[in-house]
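Read left to right, the sequence shown gives residues 1 to 302 (full-length UniProt numbering).
A couple of the hints might just be wrong.
[As the list claims (entries may be wrong)] Now the in silico label distances, taken between C-beta atoms and shown as ranges: (1) Gly197 / Ile18: 46 to 56 Å; (2) Val119 / Asp45: 20 to 30 Å; (3) Ile223 / Arg68: 19 to 29 Å; (4) Val79 / Val142: 27 to 37 Å; (5) His97 / Thr48: 51 to 61 Å; (6) Glu138 / Leu47: 30 to 40 Å.
FYI, nobody ran anything at the bench for these hints, they're computed from the structure.
Idealized CB from N, CA, C, for every residue including glycine.
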Amino acid sequence: MTTSARARRERRTGLAFISPWIVGFVVFTAWPILYSGYLSLTDYDVLTDPAFVGLENYERMAADPQVRLALWNTLQYAVVQVPLYVLVSLALALLLHQAGRASGFFRTAFFVPKMTPPVAVGVLLLLLFNGQYGLVNEALAVVGIDGPSWTTDPAWIKPGLALVSLWSVGTAVVILLAALQDVPTELYDAARVDGAGWWRRTRTVTLPMISGALFFVTVVNTIAAFQMFTEAYSAFFGAGTSSYSNDAALFYVIYLFREGFAELHMGYASALAWLLFVVIMLVTAVQLAVSRRLVYYEGEQR
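Between the sequences and the hints, there should be enough to build the whole structure, so can you do that?
Next up, the structure:
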């Protein structure tokens with residue numbers, strides 16, 4: 001068998017193995033994305049056939065004050081949550097890295113809360129951050145701090161949600177811990193010989209060597225922050241709450257959900273989804289551009 005024939009055979013075999021994924025991607029991801037692009041150009045209420053309206057949904061979106069409010073709320077949340085999430089993840093990973101044999105137990109302990117359903121996390125927010133009898137404010141009172149009204153004061157709703165998001169910090173901790181364990185010990189030894197203390201070793205060795213993992217965690221969590229939905233919806237817009245009345249908790253995906261599935265404006269909701277897609281792409285592109293200066297990959301020529 002010639003080399004080219006063997007290569008074609010291996011290519012066909014590889015395609016056969018990944019064909020289930022290809023079919024699933026086309027049917028459940030690529031096609032819905034393309035179809036939603038078409039629906040964004042229509043007036044569609046699910047009950048009747050889509051009626052083509054051109055760019056009318058996008059024109060409506062540009063003039064909709066609720067879109068600007070939802071985008072602003074989402075941006076504020078992301079600006080608070082992403083740095084906090086990454087810093088706490090890094091701090092916990094650094095602690096676990098020093099735990100030795102006990103790190104396996106604590107790694108599991110930090111990851112288990114990730115399995116909690118997001119709806120339960122939303123209920124947890126109301127219980128922990130209640131302004132009158134919540135556990136967080138009671139703990140603050142012990143040290144003489146008068147805690148804010150986390151769930152009713154518009155200025156504290158997004159910080160409260162950002163703090164609750166730390167409940168699921170385990171995934172990032174595991175990723176960063178794996179990156180820390182991959183840092184060559186020779187670099188630390190050389191830094192100690194040069195007289196570098198802990199902070200200098202962390203700044204000049206640890207952070208550059210795990211910058212790729214930090215960048216990955218930052219990008220993934222930024223995308224997740226822009227798609228904040230379940231925790232905020234279950235806490236502020238679900239059953240038993242004043243539905244759609246809390247403007248400070250009106251995140252973009254919540255507004256998209258309301259337009260698509262409560263109001264049955266599916267064409268308009270599709271346009272909203274495409275705007276979110278563009279915003280996330282732009283933010284990710286900026287992060288990628290910045291990463292060229294800040295992220296170090298081992299073996300990369302500089």
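The hints, checked one at a time:
For the pair glycine 197 and isoleucine 18, the beta carbons lie near 49 Å from each other, so the given range of 46 to 56 Å is met. Taking the beta carbon of each, valine 119 and aspartate 45 are about 27 Å apart, inside 20 to 30 Å as hinted. About 21 Å separates the C-beta atoms of isoleucine 223 and arginine 68, a value consistent with the hinted range of 19 to 29 Å. Restraint check, valine 79 to valine 142: a C-beta distance of roughly 30 Å satisfies the suggested window 27 to 37 Å.
For histidine 97 paired with threonine 48, a C-beta distance near 59 Å keeps the hint of 51 to 61 Å intact. Judged by the Cβ atoms, the range 30 to 40 Å given for glutamate 138 and leucine 47 is violated: they are separated by roughly 50 Å.
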